[in-house]
Amino acid sequence: MANDTTNKRKAILVTPENCIGCRACQVACKSWNQLDAIKTKNTGTYQNPPDLDADAFNIIKFIEVPSQMDPMRWLFLSRRCMHCGDAGCMTICPSPGALFRTPEGAVAFDHKKCIGCKLCSSACPFDVPRYGEDGKMSKCNLCADRMAASMTPSCVKTCPTGALKFGNRDELISAAQKEGFKTIYGEKDLDGLGTIFAFKDEPKLYGMLENPSIPTSVIFWHTYLKPLSLIGLGGVVAAAAIHYLAIGPHKEEEEKEEV
Amino acid sequence: MAEMIRKSSVDEVVNHLILAGTCILLMITGYAFLFHVEIIGALFGGFNTMKTVHNWLGVAFILSLLYSLHHYLIDALEYDADDLQWFKVAGGYLSHKVKVPPMGKYNPGQKLYYLAVVVFGMTITISGFGLWFFQSNATVMLYSHLIHNISFCVFVIAVPVHIYLGTLANPGTFQIMVNGMMPLKDAQKKHPKWIKAIGKM
Ligand code: HEM
Ligand code: SF4
Ligand code: SF4
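Sequence order for the protein chains is D and G. To convert, note that position 181 of the first sequence is 253 in the working numbering; the numbers rise steadily by one, no gaps. To convert, note that position 160 of the second sequence is 197 in the working numbering; the numbers rise steadily by one, no gaps.
It is worth saying that the hints were derived from the structure and are not from the lab. Heads up, a few of these hints could be off.
Taking lysine-lysine pairs in the DSS-like style, the calculated list, with each CA pair at most 27 Å apart, reads [unchecked claim]:
hint, chain 1, residue 1, chain 2, residue 2
1, D, Lys-184, G, Lys-226
2, G, Lys-226, D, Lys-323
3, D, Lys-323, G, Lys-125
4, D, Lys-298, G, Lys-125
5, G, Lys-125, D, Lys-185
6, D, Lys-323, D, Lys-133
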């Protein structure tokens with residue numbers, strides 16, 4: 073697929089155990105990307121805004137998991153684009169350049185080139201793409217502009233506890249493994265995610281998909297239908313040329329002799 | 038000049054031009070989306086405009102296809118023993134030595150082609166409307182995307198075959214697409230049952 077990643081691949085490592093739910097990352101993202109405020113309603117949770125939005129590229133999910141041992145366990149999970157190595161959004165997008173891979177391996181977008189077809193949200197395993205009032209897609213781009221200037225993404229820059237870390241993907245993974253985290257979510261899935269998670273418990277507890285994958289129909293389309301449409305047309309042109317030369321066009325005269 | 042006979046009415050010729058024109062433009066823009074062909078996008082002033090053009094071409098295409106039903110559908114649904122025999126000799130296209138049975142106005146290959154265009158013209162249009170108007174429903178989008186592309190594959194194979202048969206493979210036929218006329222003599226040989234039915238033989 074067209075989703076090459078380089079060995080300089082950068083990533084964000086999320087460690088929910090270190091997160092205190094302050095949401096400075098949400099504010100920093102809004103501030104750097106100049107996103108508007110969203111009016112929301114209180115529905116009995118601190119999670120706010122309730123989900124990703126064209127004006128909210130990252131949110132902290134507040135997940136309560138009370139148990140007998142720990143009646144007050146609260147998980148804070150940073151949710152955003154995963155910058156998949158094999159990105160469904162990029163595979164399905166019909167407009168060249170609307171979604172593109174940065175040299176650091178992030179999946180970024182170009183508003184001007186997006187045609188607002190909204191296919192990307194149906195091909196994203198993580199339900200990430202959102203659309204603004206102009207109908208164009210918006211999501212976290214790992215602060216591609218900051219990375220290009222060797223700066224840290226704004227959310228990571230502002231995080232006071234180290235719950236968000238930014239760096240070379242390989243190094244982040246080995247460091248987390250050394251610290252004793254058994255599951256690094258996103259290490260292998262979809263050719264490796266660019267947002268990876270150091271989890272103490274099963275990913276399920278954090279509300280993560282167990283085996284994220286691009287929808288089967290999208291893979292089928294990409295591997296079979298796209299080539300078929302070219303081979304089919306080429307085959308017909310070739311067959312017509314061969315037919316014309318080997319058998320030749322219809323001739324009334326010949327037929328008359330036969331009758 | 039040889040005596041001519043009208044095979045297609047002006048109405049038919051004009052509608053076929055619209056059908057063929059919209060269909061070919063839809064296929065070209067379709068390929069551009071599928072393979073990110075930037076030059077084609079640039080011809081339309083960018084992919085944003087090309088998407089709008091593609092959508093409205095689809096509307097023109099389906100209207101033209103529905104209008105064509107009263108031209109061809111009844112013919113396309115009728116098959117007789119000669120039609121069966123036509124398939125056995127592959128319409129005479131694989132050898133000039135076989136005897137092709139007498140045909141009506143259209144041969145069964147053309148009739149089946151028309152039915153395929155109707156069926157896949159419907160699926161490609163309905164799925165196209167799915168992609169256009171159900172953008173917030175991922176299930177509808179994914180099914181539409183799949184069906185749209187399967188139908189596309191049928192079109193890019195069937196239409197070029199049709200174009201070859203209507204031009205190079207059958208010299209003289211192309212004239213029918215332009216002015217609806219063909220020489221009476223040719224028609225008597227190629228479509229004896231049709232000519233008999235209209236009392237010119
Ligand atoms: C530039 C491309 C095309 C050319 C040169 C062409 C040529 C022709 C010709 C010469 C005929 C008359 C055949 C006869 O009456 O025996 C015909 C009929 C017809 N064409 Fe086309 N055509 C083209 C594109 C298309 C397209 C794109 C469609 C549909 C999507 C289409 C659908 C039909 C249908 C339904 C008929 C009625 C008879 C039949 O089934 O063959 N044509 N075409
Ligand atoms: S998480 Fe979704 S939007 Fe982000 S790169 Fe993966 S497929 Fe694309
Ligand atoms: S909405 Fe924009 S980014 Fe998403 S698939 Fe369509 S053109 Fe690509």
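Here is how each hint holds up against the structure:
1. Only pairs whose Cα atoms come within 27 Å are accepted, and Lys-184 (chain D) paired with Lys-226 (chain G) is rejected, the gap being roughly 59 Å.
2. This hinted pair checks out: Lys-226 (chain G) and Lys-323 (chain D) have alpha carbons roughly 11 Å apart, not beyond 27 Å.
3. For the suggested pair Lys-323 (chain D) and Lys-125 (chain G), the alpha carbons sit about 19 Å apart, so the restraint of at most 27 Å is met.
4. Proposed proximity of Lys-298 (chain D) and Lys-125 (chain G) is contradicted: the alpha carbons are some 33 Å apart, above 27 Å.
5. Between Lys-125 (chain G) and Lys-185 (chain D) the CA atoms are separated by roughly 53 Å; this puts the pair beyond 27 Å, and the hint is violated.
6. Annotation: proposed proximity of Lys-323 (chain D) to Lys-133 (chain D) is violated, straight-line Cα distance about 75 Å (limit 27 Å).
In summary, the structure is inconsistent with hints 1, 4, 5, 6 from the numbered list given earlier, while agreeing with the others.
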